[in-house]
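Engineer: Given next are the chains, with one letter for each unit.
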Amino acid sequence: MDKNELLATLAGLAKEAYKTDADITPDTTFDELGKGSMKMIALTSMIENELDAEVTVSEIMNMKTFGELVDRVAEEVEE
Amino acid sequence: MNLMDAMRERAKADVQRVAFFEGENPTMIKAVAELTAEGLATCTVVGDAEAIRKNADEQGVSLAGVELVDLADEEANEAIAQRFEVLPNCRWKAKGVRRRVTRPMERALMMQALGDVDITFGGIDCPTGDVILGGQEIIGLADGIDTVSSMGIFDIPGYQGSDGQLLGFGDSAVCQNPTPEQEASIAISACDTWSALTGREARCALLSFSTDGSGAGEMVQKVRDARDIARERRPDLKIDGEFQLDAALRPEVAAHKVHRESDVAGRANVIIWPDLNVGNVGVKLVQMFGHADAYGPMLQGFKKIVCDCSRSAPVSEIVGNVVMSCVRAQCLEEE
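Read top to bottom, the protein sequences are chains A and F. 54 is the number that the numbering used here gives to position 54 of the first sequence; each next residue is one higher, with no gaps. 28 is the number that the numbering used here gives to position 28 of the second sequence; each next residue is one higher, with no gaps.
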């Protein structure tokens, strides 16, 4: 899966987890999406179920942008 | 009989099942042995059984009566995974469930979600944040609650409040800058925790620098909104504000400042800080200048009781925290 495809997949999951229709780009910040931990938990479990990549909520809490999440998941998927 | 002695008697009268996931920690295993020996809890320790037994031997404590759940037991792991993955609120597919079933904290929480134990207790080796996230992922938040928070009870020498020397407070540990919905959640959870621990009805004041409109602005409005949300969600509870501390606790000040009916003003037994800045400073002021002892803080807001302790907690503090958790779990059981 290339980076653009991964971004599209993750953006789709994030829209579902955060219940938003807004466009999500690599520059979208988690502050914009909302830092609610239950939403982050929903997102991490979706990522794990769909992509078999385990990224923790604590990691996401330390990320500023959605692009950082895409990079982190790409590392997991490549392994 | 003081509050802790009363709670120990209640814990013994209806013994709860507690899962621990840090059995290789010397302090934790001593606490498990003491809780078991004194009949305060039925203890299950999840982890590497051999290492847990070795730790108990080194500490000179007996594990008689303690159940060990060995994460090397693949058959038992698979059995739990199969039961857990069919729960309606299971978040993960088969692989994710099996990843977690061999991790001590997550396994303990899974057992709790399945009803095999009543309480999960830990935090001496792992950060509070991990316990909170694990609890949210596997146990989930209670109905009508938006956030995990904490609640404690002061025992203040010389204080003559509406419940004697006792005063409940929340949140001084978890939720930094709560939204109105989150502040309402903290108040609701704190009322339930107070009632479970003391057996008394909570009268909960949402604190502010303003009393009933004496001040204005965003900070005051947040507290007023929180009050309205809390009352809408739980009309059975006595929650009111916004009140200054003295208007919340002293009847003569409330009579002067609160010009309406209130079943809380002047006789609150639970106070809710507007944010963590106030909560942290407030607790330290009461402890330093009021020479108060504090029970807790205890985590609250989960569907079931998940409790953590300070990483420097001695055995006595862990035993006390577990006893309080058991009493809270009894009340959930009754519901």
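Please keep in mind that the hints were generated in silico from the structure rather than gathered at the bench. For clarity, every value in this text was computed on a predicted model and none was experimentally measured. You may find that some hints are simply not true.
[To be verified] The calculated DSS-like cross-link candidates involving lysine-lysine, where the alpha carbons are at most 25 Å apart (straight line), are:
(1) A:LYS15 x A:LYS35
(2) F:LYS30 x F:LYS12
(3) A:LYS64 x A:LYS19
(4) A:LYS19 x A:LYS3
(5) F:LYS222 x A:LYS39
(6) A:LYS3 x A:LYS39
(7) A:LYS19 x F:LYS93
(8) F:LYS303 x A:LYS39
(9) F:LYS257 x F:LYS238
(10) F:LYS284 x F:LYS303
(11) A:LYS15 x A:LYS3
(12) A:LYS15 x A:LYS39
(13) F:LYS12 x A:LYS39
(14) A:LYS35 x A:LYS19
(15) A:LYS64 x A:LYS35
(16) A:LYS39 x F:LYS30
(17) A:LYS15 x A:LYS64
(18) F:LYS257 x F:LYS93
(19) A:LYS15 x F:LYS95
(20) F:LYS238 x A:LYS35
(21) A:LYS3 x A:LYS64
(22) F:LYS257 x F:LYS222
(23) A:LYS64 x A:LYS39
(24) F:LYS12 x F:LYS303
(25) F:LYS30 x A:LYS15
(26) F:LYS238 x F:LYS303
(27) F:LYS54 x F:LYS93
(28) A:LYS19 x A:LYS39
(29) A:LYS35 x F:LYS222
(30) A:LYS19 x F:LYS303
Engineer: If you draw a straight line from the CA of F:LYS30 to the CA of F:LYS12, is it 25 Å or shorter?
Structural biologist: Distance ~19 Å between F:LYS30 and F:LYS12 Cα, so the pair holds.
Engineer: Mind checking the alpha carbons of A:LYS64 and A:LYS19 for me, to see if they're no more than 25 Å apart?
Structural biologist: holds (19 Å)
Engineer: Is the Cα-Cα distance between A:LYS64 and A:LYS39 25 Å or less?
Structural biologist: holds (16 Å)
Engineer: Decide if the proposed pair is consistent with the structure: F:LYS303 and A:LYS39, CA atoms, cutoff 25 Å inclusive.
Structural biologist: It holds: about 17 Å lies between the C-alpha atoms, which stays within 25 Å.
Engineer: Between the alpha carbons of A:LYS3 and A:LYS39, is the straight-line distance 25 Å or under?
Structural biologist: holds (23 Å)
Engineer: Does A:LYS15 pair with A:LYS3 here, judged by a C-alpha cut-off of 25 Å?
Structural biologist: OK: A:LYS15 and A:LYS3 at ~18 Å, within 25 Å.
Engineer: Under the criterion that the straight-line Cα-Cα distance not exceed 25 Å, is the pair A:LYS39, F:LYS30 satisfied?
Structural biologist: With a Cα-Cα distance of about 38 Å, the restraint between A:LYS39 and F:LYS30 is violated, given a limit of 25 Å.
Engineer: Straight-line Cα separation of A:LYS64 and A:LYS35 no greater than 25 Å?
Structural biologist: Satisfied, since the Cα-Cα distance of roughly 10 Å is no more than 25 Å.
Engineer: Holds or violated: A:LYS35 with F:LYS222, Cα cutoff 25 Å?
Structural biologist: holds (19 Å)
Engineer: Just to be careful, I want the Cα atoms of F:LYS30 and A:LYS15 compared with a cutoff of 25 Å; is the pair within it?
Structural biologist: violated (47 Å)
Engineer: Hey, F:LYS257 versus F:LYS222, does the alpha-carbon distance stay inside 25 Å?
Structural biologist: Judged against 25 Å, a Cα distance of about 20 Å means the pair holds.
Engineer: Hinted pair, alpha-carbon criterion (25 Å max): A:LYS19, A:LYS39. Please report holds or violated.
Structural biologist: It holds: about 9 Å lies between the C-alpha atoms, which stays within 25 Å.
Of the numbered hints given earlier, the model fails hints 10, 13, 16, 18, 20, 25 and 27; all others are met.
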